[in-house]
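Asks: Those sequence lines, one after another, are chains E and Z.
Per my numbering, the very first residue in the first sequence carries number 1; after that it's consecutive.
Per my numbering, the very first residue in the second sequence carries number 1; after that it's consecutive.
Certain hints may be false.
Here's a subset of chain E near chain Z, in silico, CB distances under 8 angstroms, partners left out [said to hold, decoys possible]:
1) Gln-34
2) Leu-38
3) Tyr-52
4) Val-106
5) Lys-109
6) Tyr-113
7) Ile-124
8) Asp-126
9) Val-145
10) Glu-169
11) Thr-173
12) Lys-176
13) Asp-177
14) Val-182
15) Leu-185
16) Arg-186
Below, simulated EDC-like cross-link-like pairs (lysine to aspartate or glutamate); rule was C-alpha separation at most 16 angstroms, straight line [unchecked claim]:
17) Z:Lys-102 / E:Asp-184
18) Z:Lys-87 / Z:Asp-162
19) Z:Lys-102 / E:Glu-164
20) Z:Lys-172 / E:Glu-36
21) Z:Lys-137 / E:Glu-27
22) Z:Lys-172 / Z:Glu-109
23) Z:Lys-137 / E:Glu-164
24) Z:Lys-113 / Z:Glu-144
25) Z:Lys-169 / Z:Glu-109
26) Z:Lys-172 / Z:Asp-76
27) Z:Lys-87 / Z:Glu-144
Hints were generated in silico from the structure; no laboratory data involved.
Quick reminder that beta carbons are idealized off the backbone N, C-alpha and C, glycines included.
Now for the letters of each chain:
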Amino acid sequence: MRINQFAMTKVSSIQAWIDAGYVLFSENGLEAIQIEPLSRAIGLNKSGFYHYFGDRESFLEAIMEHHMKHAKNVTVEYSQMKQLLPDMVDILMRYRLSVMVHMQLVRNKHNAYLFENYNKINAIVDQSILPCWAEYTGLSNNLPVAMQYLQMVRDMFYARITPESFTAEFLSTTLKDAGDFVRDLRQKEKPVV
Amino acid sequence: MKKENTMRLWVEKGYANFATHGLEGIQVERIARELGLNKSSFYRYFGERELFIEELAKHHCAVSLSLVNDLRNVKDFLPDFVNITLKYSTGILVQMQMARHKDHKTLHECFSKVNLLLDHAILPMWIEFVGLPRDQKWAIHYFEMVRDMFYSRITIDNLNYDYLSELLKETKKLIVEIRQNDSKGPMFINHP
Numbered sequence: 001m002r003i004n005q006f007a008m009t010k011v012s013s014i015q016a017w018i019d020a021g022y023v024l025f026s027e028n029g030l031e032a033i034q035i036e037p038l039s040r041a042i043g044l045n046k047s048g049f050y051h052y053f054g055d056r057e058s059f060l061e062a063i064m065e066h067h068m069k070h071a072k073n074v075t076v077e078y079s080q081m082k083q084l085l086p087d088m089v090d091i092l093m094r095y096r097l098s099v100m101v102h103m104q105l106v107r108n109k110h111n112a113y114l115f116e117n118y119n120k121i122n123a124i125v126d127q128s129i130l131p132c133w134a135e136y137t138g139l140s141n142n143l144p145v146a147m148q149y150l151q152m153v154r155d156m157f158y159a160r161i162t163p164e165s166f167t168a169e170f171l172s173t174t175l176k177d178a179g180d181f182v183r184d185l186r187q188k189e190k191p192v193v
Numbered sequence: 001m002k003k004e005n006t007m008r009l010w011v012e013k014g015y016a017n018f019a020t021h022g023l024e025g026i027q028v029e030r031i032a033r034e035l036g037l038n039k040s041s042f043y044r045y046f047g048e049r050e051l052f053i054e055e056l057a058k059h060h061c062a063v064s065l066s067l068v069n070d071l072r073n074v075k076d077f078l079p080d081f082v083n084i085t086l087k088y089s090t091g092i093l094v095q096m097q098m099a100r101h102k103d104h105k106t107l108h109e110c111f112s113k114v115n116l117l118l119d120h121a122i123l124p125m126w127i128e129f130v131g132l133p134r135d136q137k138w139a140i141h142y143f144e145m146v147r148d149m150f151y152s153r154i155t156i157d158n159l160n161y162d163y164l165s166e167l168l169k170e171t172k173k174l175i176v177e178i179r180q181n182d183s184k185g186p187m188f189i190n191h192p
């Protein structure tokens with residue numbers, strides 16, 4: 001019994017470190033991963049950190065694993081979207097924390113490990129958005145172009161998003177503009193009969 | 001060494017470090033070590049880190065003006081635009097880093113100012129390159145999208161001729177493909 005309790009405590013305090021690290025990372029990126037403020041934030045002793053993670057690098061790996069877990073969850077939701085609008089906005093709003101972490105990966109891309117994670121996760125997530133996105137933009141018959149456009153909008157989005165601008169309205173406008181752009185581009189080409 | 005020369009050393013090193021690491025690269029201790037200068041020299045010339053950052057912002061504006069001036073010589077967008085831009089790759093990386101520090105007043109103001117300068121210089125020739133009509137509001141929309149995507153993607157390692165020209169060609173190809181898609185896409189069904 002005592003052993004089980006101990007095991008529970010260990011697992012939950014590891015999780016507490018990771019959860020707190022995830023939140024701080026979403027706010028201030030790599031700089032935020034300082035053991036001292038983290039231990040103060042969660043009220044756990046620094047020695048626990050070194051015991052569980054060893055060093056900052058391993059801790060960062062644990063945070064990225066955590067991020068990947070969220071990414072895998074979101075792909076399930078994306079692949080079940082019926083319509084891009086408003087479904088994608090709802091999902092993004094619910095995954096706000098992960099979206100902000102992902103934004104930090106772009107901002108901290110001078111760290112090769114973080115940039116690698118950004119690309120790795122994008123590769124999975126983009127695929128899950130693609131069918132609905134292709135339909136929304138009317139590019140279903142040319143999926144490579146739909147994908148290229150999706151990735152462009154994605155990187156633009158991550159360049160622009162801030163904690164202040166992260167609202168359902170901003171997300172809707174971004175997606176609406178992305179769709180209107182394609183539709184307008186075609187209509188301009190076609191003489192109205 | 002003359003005062004101006006020493007100041008320039010600090011600013012140029014700080015600028016280069018900012019390009020690779022952003023604000024985190026601007027540690028007095030680190031720059032002093034890399035320059036082989038005493039930290040006291042830094043404090044004598046700049047007083048504090050924030051004033052140094054202001055000097056870096058001023059330097060960035062000067063670099064950007066010089067880039068804009070050189071861009072007047074672009075004849076063929078490819079390769080001229082890419083070659084000129086790459087001559088200023090440190091400045092481009094600094095602009096990319098500044099975009100990260102939206103919460104820092106000096107940096108954000110400088111970023112916006114330079115963005116405006118560069119947009120103004122690049123937009124007309126880029127629109128022509130991509131083949132979008134000049135009066136179309138979407139041309140500006142697309143330009144800004146490509147610009148922000150560009151800052152999301154570039155790193156010190158991929159900022160080279162092949163990467164940049166490929167990226168520009170891709171943005172042009174996307175427009176062509178979207179338009180071609182028109183003849184067989186779902187939109188066509190609605191307009192027989």
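Asks: Against which earlier hints does the structure fall short, listed by number upward?
Replies: The structure breaks hints 1, 2, 3, 6, 7, 8, 10, 11, 12, 17, 20, 21, 22, 23, 25 and 27; every other hint is satisfied.
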